[in-house]
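Chains as they are written, first to last, in our numbering: chain A, 1305 to 1570; chain B, -15 to 977.
Note that these hints are calculated values from the structure, not bench results. Among the hints, a few may not be true.
[Said to hold, decoys possible] Taking lysine-lysine pairs in the DSS-like style, the calculated list, with each CA pair at most 30 Å apart, reads:
1. B/K93 with B/K515
2. B/K671 with A/K1546
3. B/K941 with B/K859
4. B/K61 with B/K4
5. A/K1385 with B/K91
6. B/K119 with B/K61
7. A/K1554 with B/K671
8. B/K671 with A/K1309
9. B/K339 with B/K119
10. B/K924 with B/K941
11. B/K515 with B/K567
12. B/K198 with B/K763
13. B/K339 with B/K767
14. B/K209 with B/K198
15. B/K179 with B/K209
16. B/K859 with B/K924
17. A/K1546 with B/K886
18. A/K1546 with B/K924
19. A/K1554 with B/K924
20. B/K859 with A/K1546
21. B/K180 with B/K773
22. B/K886 with B/K924
23. B/K135 with B/K61
24. B/K859 with A/K1554
25. B/K91 with A/K1417
26. A/K1546 with B/K941
27. A/K1546 with B/K848
28. B/K180 with B/K575
29. B/K15 with B/K339
30. A/K1554 with B/K886
31. B/K848 with B/K262
32. A/K1385 with B/K93
33. B/K941 with B/K964
[Said to hold, decoys possible] Label-pair ranges, simulated between beta-carbon atoms:
34. A/Q1478 with B/L412: 58 to 64 Å
35. A/G1420 with B/D35: 16 to 22 Å
36. B/T92 with A/T1421: 21 to 27 Å
37. B/D13 with A/Q1347: 54 to 60 Å
38. A/Q1347 with B/T92: 21 to 27 Å
39. B/K859 with A/K1392: 51 to 57 Å
40. B/T92 with A/K1570: 45 to 51 Å
Quick reminder that beta carbons are idealized off the backbone N, C-alpha and C, glycines included.
Residue-level listing of the chains:
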Amino acid sequence: MTTPKALVLTGYGINCSRETQFAFTQAGAQADIVHINDLIDGQRRLENYQILTFSGGFSYGDDTGSGNGLANRIRNNLWEKVAEFVEKDHLVLGICNGFQALVRLGLLPAVNKNYGTQQVSLLHNDGAQYLDRWVDLECSQISPWLKGVDRMSLPIAHGEGKLYAPPEVLEQLQQRDLIAARYVSGTMCVYQHLPANPNGSLDDIAALSDESGRILGMMPHPERAIAFTHLPHWSLIKEIVKRIGASVPKTCLGLQIFENGVKYFK
Amino acid sequence: MATRIEITPTVEDARARMRKRQIEGMGFDGKIQGVQLVDVYTVDAPLERNDLQRVGSMLADTITESASVDTPQAPEKFDWAIEVGFHPGVTDNVATTAREGLEDLLKTKLQPDQGVYSSQVTFLQGDLSQADVEKIASTMANPLIQRTAIKSFDVFRRDQGMGVVVPQVRLGLEPSVDTVDILQADDAALALIGKKGIANVDGTRRGPLALDLKYMQAIQAHFRKLGRNPTDVELESVAQTWSEHCKHTIFADPLDDITEGLFKRYIRGATEQIRRAKGTKDFCVSVFKDNSGAIAFDDQWLVTDKVETHNSPSALDPFGGAITGIVGVNRDTIGFGLGARPVINRYAFCFADPKDTDPLYKGEGRTQQMLPPRRIMEGVIRGVNVGGNCSGIPTHPGSLFFDQRYEGKPLVFVGTVGIIPRETAGRLSHEKQAQSSDYIVMIGGRVGKDGIHGATFSSEAMDAGSPATAVQIGDPITQKKLSDALIDEARDLGLYTSLTDNGAGGLSCSVAEMAQEAGGCHVDLEKVPVKYQGLAPWEIWISESQERMTLSVPKENWGRLQELLQRRRVEATVIGEFTNSGKCVVEYKGKTVMDMEMEFLHHGLPQRPMQSTYKRVVHEEPSLPDLEDLTQTFHQMLGRLNIASFAFIAQQYDHEVQGGSVIKPLQGRGRVNGDATVTRPVLDSQKGVVVSQAMNPSYSDIHTYHMAASAIDTAIRNAIAVGADLEHLALLDNFCWCSPDDPERLGQLKEAARACHDYAIAFGTPWISGKDSMHNDFKGYDKDGKPVKISVPPTLLVSSLGVIDNVQNAVSLDAKIEGDLVYVLGQTYQELGGSEYYAMIGEQERGKGYLGNAVPQVDAHRNKTLYNALTDCIKEGLVASAQSVHRGGLAVALAKTAIGGKLGMEIDLEQFPSQVSRDDFALFSESQGRLVVTVAPQYKEQFEQHMQGNAFAAIGKVTGDAIFRIRGITGKTIVDANIKTMEHAYTETFRGY
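Go ahead and model the full structure; you've got the sequences and the hints to work with.
Rendered as C-alpha cells:
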C-alpha cells in the first residue's frame, strides 16, 4: 500500500486549490499545493507526483476565454513535462476552470490519443450568466475516477460550461464512451425544481475523459460536496433521519471521486 | 503601426443572443434580426506578421472561433457596427492577459511605449436609425471610461472596417511640483481652494480637496509658523488625511453636549462597557484600530469582519464602483494584522425602483445625464459578481432595499469576513508595528491617474463638478496573486513587520498611517512604479489606483521577499524607508516636495463642534379600508421590491467556493433568500461563522432611534434564527447619512447612534468595526431641468458576525415535514409606521407611500430572553425551521417558510400573542423581536417548556397539500392561497433580471 502524492496546481487566479487539497487529504492522499511558476522554474517537480489536479477558479480572470491563459502558460512553458506525465500510469483531474484548461490544452478528450490538439470547446452558458447551483449527474464507468459512482449530485459554479463539439467529434465521444458524466434530472433537480442541464451543454455533457480514462475533466465541483453539511437539503435530511431515530451521514458523495483517485494506486 | 487581431465566433454565441435580448428589451422588439460580436485586440508593437498570426491563434478558441490579422471581420449581413473600447489609462484586464500571453508565447517583452488594447464590435442587423443605434450604444458603454464608435454598413465598407485606435496615454506637460500660495490668501481664496482644488496654470482647478474654511485656516496658520507656502503635494496630502472619508470627523468631533464625539461615547463606549461586563468571556480581540475588527473563533484562529460602502463611484460607474468596492474591502481583510484570508463576502444594495425611467442630470440645461436606476442596479450587481467570483471568495448574505431617494446616489455596502491564525511566525498576528529603518514597499498594481480624489470626492455631495478620474476598475486577478503570495507564503515566513491597504488617499494615507507606528517616513516618489509617464508627483502620492498594499520590510528580509514576489509575478518596489524623525518627508527626483510633521498631519485638524436639533414630525395617519379577504393584498406584498425573491443575484454569486458553505443564501425547495448564512471557514473544524445583516431606512422618516434599534434587533434575530448565540455575536455599523451640515440630520444621527449604544449594551453584542459615509446627497436637475437635491433616507446597515460550535445544529428557514407545528414567537403590536404595507397601500391609493407614526419599538430585555430560549432549543435540535419576522410582517415570514418547504400551512391567528385590532395589521405589522419556527410534534412539550415566560403560541400546522390558509383574529379565513400562486408572486418581480 502506498500513499499517492497529488499535486494541486495554483497561481494566476486559480482559487479552489485549498479545498481540493483538503478533499485529497480526507481521501488519504498526500496533497501539495504547487504554484505553476515553481514547476516552470524547476523548484518543484511533476515527476514526484502520481496525481495532477487542475483545480477550479478564474485563472487569468477568464480573460481571452476561460482556461485559455492558463493553457497558454502551460503550453508555452511546461508542455513536455505534462505530456510525459500523462503518458505514464498517472491520473489527471480537472475541475471547472481546470477542465476548461484541459480542453484548451487538448488533454481532453484527446480522441485518437491526439494529446495537445483542442477538439471540443466550453462556451458561455446559454443563460449568459455565471450560475451557482446543484446538478444531478449520471456517470459512465470508463474512468477510474468514477468507479462505482452511477449517479451523484454536485454543485456547479461557472459562466462558461456549455460543452460544444463539432458533429464528428461528438460522434467519437459517444462511440468511445468518453462522456464521463451527463446532466440528468435527479434528487436536486426535483428538490429545487431546476432543469437538468444548467448551461445548454451539448448532449448534456458535464464531464469528459480521455480514452485511457485516467484524465477526467468535469464542470461540477466534487471538492464542494464532501461533507454532509455541503448538501443543499442537509437540514431536511437531518430532520427526517432524526425522527426515525437514525444518525446523519458524515460525508457526501463527492468525496468518492478523490477516494477513487487514491485507490487507483493501492 | 498597430495591428487589429479580430476574433469571430464560428458557432452560436450566447453573449450575442443575450445582447439581442437586452436590445429588444429597450423597445426594439421585433426590429433586430441579428447580433454578432467580434472581440478585438489592438497590438501596438512592431511584430512579424507570422508572430501576429500565432498570437491570433493563441487568443482564439480553435473550435468555435476564428482569428484574423488586419482583415476586418463582419457578418455578411449587418446594418450597423458599434465598437466599444476603453479610454486611455483605464484598467483593461483582458488586454493585460493577452499581453502576458503574447510575451510568453513570443518570449519577448513589450516596451513601455508598446501595448495591447481590447475592444469589442457589435454588429446589428435591423431596421434602425442612427438615433436608435446611438441609444443602443449608450447602454453598452459608460462614457466616463469607454469610447464608442458607430458605423453604418456603408461607412464600414467604405472605411474597410472600424479603423485602428490606440488608446495610449499621452500626458503633455513635464510634471512639476507647484507651490500653493496660501500665506497671502484671504478667506474667500482659501475657501475656493478647499472646495474646488488647487488652481492649474490655465485657471482650471484640480478637483475637490473637501477642506472647509476652518481646516484651510488651520493649514494656513501652520505654514505661517513655518514661514513658507505648502507644495501641492503637501496640501493634497493633508486633504486626504483630513478627509471625512478618512478621519470621520462627524463621528469624532463634539456634538452638542457630547464633547468626546458620537463614536467615542456611543459606539466605542458601548463596546468597552460590554467587554468589561463580559470579563473572561470577552471574545473581542482587535476592535476599531485596524482595517477590520477581529473576534475569537477558537484557540487557534481569529475571525475578522469589515463592511465598507462605495456609493459615489457606483453612481458614476456602477460596475467599476462596485467591483472596486468589493475588491477594496477584501484588502481590509488582507490588511488586517499581518494579513487575514478573505472567506466570505457580503453585500447590501439600496437602489431606486429599476422601473423608473425619468432622467436625472448632473449638469444644468439637462446635461450630464445620470445613469437610470436599472443600469445602476445591474452594473452594481455585476461588479460584485466579477469581483467576488474572480477572487474565489464566496458571496453570501445579501440585502436589497428600494426607495426613490436612492436615485441620485445608490448605496453599495460590501463586506468581507476573514480568518487569521492567532499566531504566525512566532508573533501575535493581530499586532503589527513598522520599525524605523524598515523599507517601505509598495506591492501589487501600478499607479495611474485613475482614482484621483476618491477620498475627497466621496466627502462631498455629488454634483456637476464630481471628477471622472475618481472612477476606477478593479483587477481581481492582480489582487488574487498579491493575496496568495502574502497570506499563503510571505506572512508565515515573517518577512514583513506591518502592512496596510492602499485605499482612500492612496500612498499618502497608507504610508503616513504606517509611519505612525515607526515614527516617521522618507519616500522617494520617483521610485513608485507608474502605469505611464507624465504623472505629477502629487498625483502619484494620492492616486487610489487599485490592488496595492504597502508593507514595511526589515532590510535583511527584502531579498527573500523580493525573490518570492517576483516568482509569484507580484510587482514589489522599495519606495522609501520608515524613520523615527517624527516627519513625513517625500522627495521627487532629488527635491523635497513634502516635509511635514507627523503630529500636524495626523492631529492638526481642528475640531468643529456641531449643534443638532431634532424635531419630531407627525405624519398623516392613514385610514385604510379593512378588507375581509386579504388574499390579494398578501400576494401583492410578496411581490414588493423590498420583499420579492432576488435569487437571480444569489445564484450568480459563487457561494460555495472554499468548500465551507453550510446554510446557503438560497434555502429550501423554493430557494428562498435567507437572512443569514453559516460557513465553516476552517475545513477540518465543525465550528461555524454566522453572518447576517439588516436595515430599515423607511423607519428613519419617523424616528431614527427606533430605526437603529430595529436594524440591530433584526440583524441579531436573523443570526439567532440560523443558530447563532448571543454569547458569541458581534456587530458592525455602517451609517450612510446625508446633509451633515443640517442640524436636523445631525440630530437624527445622534439619535441613531444613541440607539446603537443602548441596544448593543442591552444585547451584550459589541461593535467591532464600522464605517460611515456622510454625504449621500445629489445636487442636480430633474427631467424638466429644474434644480433638485435628493438625499438618501438616513440608512444604517447593521451586520452581525457570530461563531457557533457545531454547524450541524444550524437551522434553515424552510418548513420541513408535514404535520410540524408552526409557532410564532414574540408579541405583535399595532406597529405599521414605516412598514412595507403602508408604503404599498399609499402607492396604490395615491401614488406615494403612507408613513404613519407607530414605528416598531424594541424591548431588548424581553427579546434577549426570547432569543436565548430559542438558542437553547436550536442547540437541542428541537427546531426544524426558523424565519425571522421583518419586512412585510408575519404573513411574509410564514409565506417564506412555506414556499421554502413547498408545503402548505393552516394558520389560525385567533389566539396569537398580539395587541392588534385588525387582520391586516396582524399580518403586516413589523413589530420586532418575532420569529416563525416549525417544530416536530414530538418535541412540542420540550420546546414549550424552554419557551415558558415568553410571548409565543402554536398558530397552526404544516400541511402536505399546497394550500396556505390563514384565519384571522376573529376566526374568519383572511388568506386563502396556494404555494404555486405565492411562489409566482414572490419570484415574478425580478424575472428577466
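How the hints compare with the structure:
1. B/K93 with B/K515: With a Cα-Cα distance of about 16 Å, the restraint between B/K93 and B/K515 holds, given a limit of 30 Å.
2. B/K671 with A/K1546: Status holds; Cα separation ~21 Å.
3. B/K941 with B/K859: holds (23 Å)
4. B/K61 with B/K4: holds (15 Å)
5. A/K1385 with B/K91: holds (19 Å)
6. B/K119 with B/K61: The given pair, whose Cα atoms are some 21 Å apart, holds under the 30 Å limit.
7. A/K1554 with B/K671: holds (15 Å)
8. B/K671 with A/K1309: holds (29 Å)
9. B/K339 with B/K119: holds (18 Å)
10. B/K924 with B/K941: Holds. B/K924 to B/K941 sits at ~12 Å (cutoff 30 Å).
11. B/K515 with B/K567: holds (29 Å)
12. B/K198 with B/K763: It holds: about 24 Å lies between the C-alpha atoms, which stays within 30 Å.
13. B/K339 with B/K767: Between B/K339 and B/K767 the Cα gap is close to 16 Å, so the pair holds against 30 Å.
14. B/K209 with B/K198: At roughly 17 Å apart (the allowed maximum being 30 Å), B/K198 and B/K209 satisfy the hint.
15. B/K179 with B/K209: This hinted pair holds, its Cα atoms lying about 24 Å apart.
16. B/K859 with B/K924: holds (15 Å)
17. A/K1546 with B/K886: Distance of about 21 Å is within 30 Å: holds.
18. A/K1546 with B/K924: Status holds; Cα separation ~15 Å.
19. A/K1554 with B/K924: Between A/K1554 and B/K924 the Cα gap is close to 28 Å, so the pair holds against 30 Å.
20. B/K859 with A/K1546: With Cα atoms ~14 Å apart, B/K859 and A/K1546 stay inside 30 Å; holds.
21. B/K180 with B/K773: holds (20 Å)
22. B/K886 with B/K924: holds (22 Å)
23. B/K135 with B/K61: Given pair B/K135, B/K61 holds - Cα atoms ~14 Å apart, limit 30 Å.
24. B/K859 with A/K1554: Roughly 19 Å between the alpha carbons, so the hint for B/K859 and A/K1554 holds.
25. B/K91 with A/K1417: holds (29 Å)
26. A/K1546 with B/K941: Holds - the C-alpha atoms of B/K941 and A/K1546 are around 20 Å apart, at most 30 Å.
27. A/K1546 with B/K848: Roughly 29 Å between the alpha carbons, so the hint for A/K1546 and B/K848 holds.
28. B/K180 with B/K575: Holds: B/K180 and B/K575 sit about 27 Å apart, inside 30 Å.
29. B/K15 with B/K339: holds (22 Å)
30. A/K1554 with B/K886: The given pair, whose Cα atoms are some 26 Å apart, holds under the 30 Å limit.
31. B/K848 with B/K262: The given pair, whose Cα atoms are some 16 Å apart, holds under the 30 Å limit.
32. A/K1385 with B/K93: holds (25 Å)
33. B/K941 with B/K964: The hint holds at about 18 Å.
34. A/Q1478 with B/L412: 58 to 64 Å: holds (60 Å)
35. A/G1420 with B/D35: 16 to 22 Å: holds (21 Å)
36. B/T92 with A/T1421: 21 to 27 Å: holds (25 Å)
37. B/D13 with A/Q1347: 54 to 60 Å: The hint (54 to 60 Å, Cβ to Cβ) holds, given that B/D13 and A/Q1347 are roughly 59 Å apart.
38. A/Q1347 with B/T92: 21 to 27 Å: The hint (21 to 27 Å, Cβ to Cβ) holds, given that A/Q1347 and B/T92 are roughly 24 Å apart.
39. B/K859 with A/K1392: 51 to 57 Å: holds (52 Å)
40. B/T92 with A/K1570: 45 to 51 Å: holds (47 Å)
Checked against the numbered hints above, the structure breaks none of them.
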